[in-house]
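Engineer: For reference, the chains in residue letters:
Number of protein chains: 2
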Amino acid sequence: MMDKKETLEKYERAKRNGKVDKDIIPLLEKINSLHNFYTTSSCSGRIVLLNIPEVGDKKGAKFLCKWHREADKKELLECLKKYKENYLFFIMQSPIIHIVASNLEWADEMMKIALSCGFKYTSIKKVENKKILVEVLSTENLHIPIARDGKIMVDDEQLTFFLEMANKLLVRAKSKLKCLEEKISYLLSSS
Amino acid sequence: MMDKKETLEKYERAKRNGKVDKDIIPLLEKINSLHNFYTTSSCSGRIVLLNIPEVGDKKGAKFLCKWHREADKKELLECLKKYKENYLFFIMQSPIIHIVASNLEWADEMMKIALSCGFKYTSIKKVENKKILVEVLSTENLHIPIARDGKIMVDDEQLTFFLEMANKLLVRAKSKLKCLEEKISYLLSSS
Chain A
1 MMDKKETLEK YERAKRNGKV DKDIIPLLEK INSLHNFYTT SSCSGRIVLL NIPEVGDKKG
61 AKFLCKWHRE ADKKELLECL KKYKENYLFF IMQSPIIHIV ASNLEWADEM MKIALSCGFK
121 YTSIKKVENK KILVEVLSTE NLHIPIARDG KIMVDDEQLT FFLEMANKLL VRAKSKLKCL
181 EEKISYLLSS S
Chain B
1 MMDKKETLEK YERAKRNGKV DKDIIPLLEK INSLHNFYTT SSCSGRIVLL NIPEVGDKKG
61 AKFLCKWHRE ADKKELLECL KKYKENYLFF IMQSPIIHIV ASNLEWADEM MKIALSCGFK
121 YTSIKKVENK KILVEVLSTE NLHIPIARDG KIMVDDEQLT FFLEMANKLL VRAKSKLKCL
181 EEKISYLLSS S
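Read top to bottom, the protein sequences are chains A and B. 68 is the number that the working numbering gives to position 68 of the first sequence; each next residue is one higher, with no gaps. 140 is the number that the working numbering gives to position 140 of the second sequence; each next residue is one higher, with no gaps.
These aren't lab readings, by the way, just hints derived from the structure by calculation. There may be inaccurate statements among the hints.
As the list claims (entries may be wrong) - Covered stretches of chain A, going by a simulated chain B footprint (3 or more residues, C-beta under 8 Å): (1) 50-61; (2) 112-125; (3) 133-142; (4) 157-167.
No residue lacks a Cβ here, since even glycine has one placed at the ideal position from N, Cα and C.
So that you can see chain A by itself, here it is in the shape it has in the complex (with noise of 0.2 Å):
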């Protein structure tokens, strides 16, 4: 894993080239404000569409769009005329925060914090050396084939079945980073 000065200066220079999803820059912030901790890579929840050669093949998977907020009808219907082949995923993923921590102790205790705002899949990803790399992770997700062999498989009202659900998810999952800010504010004042 790499250190903090040059994970954040990556960071800096990701955040200028709007790299970084505007809503989930304050926490990062406050999280990298820890002496503790860093974080290394984040997403602040996304609806997407996934173009996938064969089932499994995550490495030949091709992105035809990405929300990080809630999208609607329209513009799903758009980028749907970009889909040629292959099969199609519909995806709606939770908010991911991967933080190095100093040690198992404070891994722990980073862990704790985000399950107590709701983030019921975190979990450590890696060890290396002391450091411990934690994934703050939610539990919201969808994962639906909608289209094969260029085929489009699923009509008008079940897309916007899955876009509604998609959105909702996606607003329940955002709202957790709420409480994981308010409560990394009070670990820095108390620090």
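For chain A, the structure is supplied; the task is to place chain B on it using the hints.
Structural biologist: Relative to chain A, chain B alone:
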């Protein structure tokens, strides 16, 4: 976390009552033969129909049917007859094994073995005293809302499409268990 003796007694009772998936028993017993590990719960991968009262409300969720193997269209349609109200999700889940390791180093060793067999979502879920709970998990999953308010929102062709995909993913995910069993056997023979 419970200790090894108590956990294995509970496992033996569950096995006698047919509550442990048969195709995962040899693997579990090999892991439990290792000095530094024991399993606390597991599922060999499954396809389920899950009734959910409100979006995100996993607490009130009820299984309509579960299959720990490939399911066929006839039994899926039969199961759908039981659906009356709320949301209904068609879900495919990867095998999952919860393993307690006696310390962080052994947990890391088990994570690396699982990752090398393709269980890419493997992580540490909990830290308690010095014991570490590893969750072995793969990436295959489907999470598809197929009905709401008593109305099935997908037609016959789409159900077939989803079921074929689920069966394919289930076979792919389960095949990774064999690799894990072989690597654990090697660990056993070299310990």
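Engineer: Which numbered hints are broken by the structure, listed smallest first?
Structural biologist: none
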